[in-house]
Amino acid sequence: MSHFAKSLIVLPGAALLLAGCLNLGGNVPPRLLNLTATSAPANDAARSGTAQSALTVVIPAVPQKLRTARVPVETGGSAVAYLKDAQWVEPPARLFQRLLSETLSATQNRLVLTETELISAPGELLSGDLLNFGVDADRNEAVVTYQALRLTNDGATISQRRFEARESVGELTPGNAGAALNRAANRVAGDVAVWMAQ
Numbered sequence: 001m002s003h004f005a006k007s008l009i010v011l012p013g014a015a016l017l018l019a020g021c022l023n024l025g026g027n028v029p030p031r032l033l034n035l036t037a038t039s040a041p042a043n044d045a046a047r048s049g050t051a052q053s054a055l056t057v058v059i060p061a062v063p064q065k066l067r068t069a070r071v072p073v074e075t076g077g078s079a080v081a082y083l084k085d086a087q088w089v090e091p092p093a094r095l096f097q098r099l100l101s102e103t104l105s106a107t108q109n110r111l112v113l114t115e116t117e118l119i120s121a122p123g124e125l126l127s128g129d130l131l132n133f134g135v136d137a138d139r140n141e142a143v144v145t146y147q148a149l150r151l152t153n154d155g156a157t158i159s160q161r162r163f164e165a166r167e168s169v170g171e172l173t174p175g176n177a178g179a180a181l182n183r184a185a186n187r188v189a190g191d192v193a194v195w196m197a198q
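Letter 46 of the sequence shown, counting from 1, is numbered 46 in the numbering used here, and no numbers are missing.
Calculated directly from the structure, the hints in this document are not laboratory data. Incorrect hints may have been included.
[Stated by the list, open to error] Pair by pair, the computed Cβ-Cβ distance ranges are:
(1) Ala-51 - Pro-30: 38 to 46 Å
(2) Ala-79 - Arg-47: 44 to 52 Å
(3) Ser-48 - Leu-149: 25 to 33 Å
[As the list claims (entries may be wrong)] Restricting the straight-line Cα-Cα distance to at most 16 Å, the calculated cross-link-like pairs of lysine to aspartate or glutamate (EDC-like) are:
(4) Lys-65 - Asp-129
(5) Lys-65 - Glu-90
(6) Lys-65 - Asp-136
Yeah, the Cβ is synthetic: ideal placement off N, Cα and C, and Gly gets one too.
Produce the entire structure from the sequences given, and follow the hints as far as they go.
This is the structure we're talking about:
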């Protein structure tokens, strides 16, 4: 039996808690987690271009489990709880959009915008769904899954592709989970950048 299975407590309504590791409370922890892009444009980097050549990265849609700043931990493929004392500085969708934008800015030879910078006639559009951004307790891995949707500037071509990365968490602590999710998110962003360059 796995370490996680030994620690599970089954509650009515199929809510699962990892003893001492998970909670359903709303207290703000002393430290908040953040994402850091491993590929980012230089501080003094300047780029310009036409509206039609720009790429706009939209905040991804998320399922209900990610509409919070907490870190979901899934067990058995259907039960979700949240890691105790683990909280992002802002919701995962916005953090991932920012990391993806920074990665694309560092690797693409064009202007990359977010939807807050959206201009009246955007060029290519990258949107999608952030399906997973948490911990798979059964495999003790952080998992990031992004279903990307790419729309050309003339609207004539739509492409879709799913990207996923997994990273080992080790002992399930907020710091370890945050670091593993950061690594997985950067791997996904790197794969998206390669796809967008094709």
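To see whether the hints hold, each was checked on the structure:
no., hint, result
1, Ala-51 - Pro-30: 38 to 46 Å, "holds, 44 Å"
2, Ala-79 - Arg-47: 44 to 52 Å, "holds, 45 Å"
3, Ser-48 - Leu-149: 25 to 33 Å, "holds, 26 Å"
4, Lys-65 - Asp-129, "holds, 13 Å"
5, Lys-65 - Glu-90, "holds, 14 Å"
6, Lys-65 - Asp-136, "holds, 13 Å"
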